[in-house]
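With the hints as constraints, model all of the structure from the sequences given.
As given, the protein sequences belong to chains A and B, one line each in that order. One rule links them: number in my numbering = place in the first sequence (from 1) + 72. Note that my numbering numbers the second sequence so that position 80 is 60, with each residue one more than the last.
The set of hints was computed from the structure by calculation and includes no laboratory data. As the structure is a prediction and not an experimental result, all values here were calculated from the model. Note that the Cβ used here is the ideal one computed from N, Cα and C, for glycine as well. Hints should not be assumed to be uniformly reliable.
If you anchor each label on the Cβ, the simulated ranges turn out as follows [claimed, not checked]:
#1 B:Thr(-10) - A:Glu302: 25 to 33 Å
#2 A:Ser362 - B:Gly52: 38 to 46 Å
#3 A:Arg247 - B:Asn102: 34 to 42 Å
#4 A:Lys216 - B:Gly52: 26 to 34 Å
#5 B:Lys(-16) - A:Leu133: 27 to 35 Å
#6 B:Glu59 - A:Asp277: 41 to 49 Å
#7 A:Thr215 - B:Gly37: 26 to 34 Å
#8 B:Thr(-10) - A:Lys361: 47 to 55 Å
#9 A:Glu302 - B:Ala53: 47 to 55 Å
#10 A:Pro259 - B:Ala78: 48 to 56 Å
#11 B:Asn15 - A:Lys119: 27 to 35 Å
#12 A:Ala326 - B:Lys(-16): 50 to 58 Å
#13 B:Arg137 - A:Arg247: 42 to 50 Å
Okay, here's what each chain looks like letter by letter:
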Amino acid sequence: MQAFSYVPARTISEAAEILAREGDQAKCLSGGTDLIVFLREGRRSAKVVVDVKGIPELNQLSYSPKEGLTIGAAVPCHRIYNNAQIAAAYPGLIDAVTLIGGTAIQGRATLGGNVCTASPAGDSIPVLIAYEATCIVASRSVTKAIPLEKFFLGPGRTVLQPSELLVALKLPPPRPGTGAAYLRFIPRNEMDIAVTSAGVAVVLDESKTHFVGARIALGAVAPTPLFVPEAGAALAGRPVSDEAIEAAAQAARAAARPITDMRGSAEQRKHLSYVLTRRALWKAVERAKSA
Amino acid sequence: MSNKVLVTATINDEEMSFVCEPRQSLLEVLRDVLNLTGVKEGCNNGNCGACAVILNGVLVNSCLVLGVEINGATVTTIEGITPKEGLHPLQQKFLEDAALQCGICTPGFIVAAKALLDKNPNPTEHEVRYWLAGNLCRCTGYDKIVRAVLDAAEVMRAEKQPV
Chain A
73 MQAFSYVPAR
83 TISEAAEILA
93 REGDQAKCLS
103 GGTDLIVFLR
113 EGRRSAKVVV
123 DVKGIPELNQ
133 LSYSPKEGLT
143 IGAAVPCHRI
153 YNNAQIAAAY
163 PGLIDAVTLI
173 GGTAIQGRAT
183 LGGNVCTASP
193 AGDSIPVLIA
203 YEATCIVASR
213 SVTKAIPLEK
223 FFLGPGRTVL
233 QPSELLVALK
243 LPPPRPGTGA
253 AYLRFIPRNE
263 MDIAVTSAGV
273 AVVLDESKTH
283 FVGARIALGA
293 VAPTPLFVPE
303 AGAALAGRPV
313 SDEAIEAAAQ
323 AARAAARPIT
333 DMRGSAEQRK
343 HLSYVLTRRA
353 LWKAVERAKS
363 A
Chain B
-19 MSNKVLVTAT
-9 INDEEMSFVC
1 EPRQSLLEVL
11 RDVLNLTGVK
21 EGCNNGNCGA
31 CAVILNGVLV
41 NSCLVLGVEI
51 NGATVTTIEG
61 ITPKEGLHPL
71 QQKFLEDAAL
81 QCGICTPGFI
91 VAAKALLDKN
101 PNPTEHEVRY
111 WLAGNLCRCT
121 GYDKIVRAVL
131 DAAEVMRAEK
141 QPV
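Dropping the structure here:
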C-alpha cells in the first residue's frame, strides 16, 4: 500500500485543520472498509489519513422520541442494530445495516463512510433518504446541514469539499403512523452489491387506511442514489390499496435511469425498481399498521 | 520513507508493543511483525473472512484495519483461542466433523464462530449460516462447518453447566 502518515484526531477542529491544510491529499478514516481497499488498490491517494473514530461527535449514537436519531459518521453498523430502541423506532434502517457486507464488515463499516463513498448502490442511502436524513458537515469555520438527497453529485462524488468532513446523520423522529423498509435485489442471499434497491417510508393516517405521505428512493439505477418525490406524491391522500401502490411503483420505474453492467441490464433494473418499490411499500404499510 | 509508529495493544491477553508503518494492515502486522501466522490472507479486500480477528470484542477483518488503529485495543486471534494444551471445542469439532480440507479459511471461521458463541451460546442453524456469510470456503460446501459450530456450541454449553 502507498505510504501515508496517520493522525488519530481527537476533535473536529483538529481534523478540519488537517483537511484545510492538505486538501484532497488528506482522507478521513472511519471504518476503513472502503478507504483501506481504495488506498491499497490505488483508487484513492493520501498523504495523511485522519482517523476520525476518536472524535466524540462522530461516535455519538443517540435517539429520543422528541429529538430523533443522531448517528455519528464513525458509528459502525453493529452499534445501530444492537440498540433495541433504535431498532424499534427505525426498522427500515435496520433492514439496511443488517445486510451491508457480512458480520465482520458490520463490525467496522459506518453509515458516514457509506454516504461519503457515494456509490449509487450504497445500501444505507435509499432508506436514509426515505427517513429524511440530514448530513451535518463541518469545516474549520462553518457547520451546516445538507439534506441527504442533495449530497450526491455522481458515482464517488459528493458536495463535500476537501476541507469539510461529515460529522453525523440526523433523522427526525418518526411521525405517528410511520412505517419504512429497505429491499435489495442480489443474486445470492448475502454479501453482494445491489443490482437495484428501494428504500421507502410511509406515513398513514390515524385510521391507518390512507396514506398521509411517503418518501421513496432507489439504489443502483442512476449515477447517484435516486430520490423519487413523484412516487411518494402518488400515494399522498390515497387509500392504502393495490391501485395506489401500483401507481407509486410505476412512478419509481419511470424515474429509474439505469445502465447495463456486469450486475444487471438496464431493463432488469427498471423492472426491479417497480417490483422492489411495490414490495417495500407493502412491507412499510404492514409495519405502520403494527406499530 | 519511514514514518514508523509505536503501537501498544493487548494481543491474546498479552500486552505487546511494536512499531509499524501506518500503511501496514493489522493482518500484515500480525503475520509479519508479530509472527502470529494463524491469521490468513485470502482476498485482502474484505470479502473472504480468512483474516478475521476479534477487536475490542467485535469481529472484524484484519485486512481492513490499519495496524496503527489498534493502539490501546484488545485483539484476539486464532492463537488466543487455542488453549495451552489440547484444542478449543470449535477446533475439536472442526476436526471430528471434517469441516476443513485445505485449511486456509479455517482460522477465520473459528474466530468468527467464537465471536458468535460468545454472544449467543445457542444459535440456530440459520443464525450460524447468517453470521458466517462473510467467511468463504471453497472446499467443504459449508454444511460440515455449520454442523461443527453447532456441535461445538453444544459442548461449550455442557461445559458451562454446573455439575
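Okay, the hints, checked on the actual structure:
no.: 1; hint: B:Thr(-10) - A:Glu302: 25 to 33 Å; in the structure: 55 Å, violated
no.: 2; hint: A:Ser362 - B:Gly52: 38 to 46 Å; in the structure: 44 Å, holds
no.: 3; hint: A:Arg247 - B:Asn102: 34 to 42 Å; in the structure: 39 Å, holds
no.: 4; hint: A:Lys216 - B:Gly52: 26 to 34 Å; in the structure: 33 Å, holds
no.: 5; hint: B:Lys(-16) - A:Leu133: 27 to 35 Å; in the structure: 34 Å, holds
no.: 6; hint: B:Glu59 - A:Asp277: 41 to 49 Å; in the structure: 60 Å, violated
no.: 7; hint: A:Thr215 - B:Gly37: 26 to 34 Å; in the structure: 33 Å, holds
no.: 8; hint: B:Thr(-10) - A:Lys361: 47 to 55 Å; in the structure: 49 Å, holds
no.: 9; hint: A:Glu302 - B:Ala53: 47 to 55 Å; in the structure: 48 Å, holds
no.: 10; hint: A:Pro259 - B:Ala78: 48 to 56 Å; in the structure: 29 Å, violated
no.: 11; hint: B:Asn15 - A:Lys119: 27 to 35 Å; in the structure: 31 Å, holds
no.: 12; hint: A:Ala326 - B:Lys(-16): 50 to 58 Å; in the structure: 57 Å, holds
no.: 13; hint: B:Arg137 - A:Arg247: 42 to 50 Å; in the structure: 45 Å, holds
Violated hints for the displayed structure, listed by number in ascending order: 1, 6, 10.
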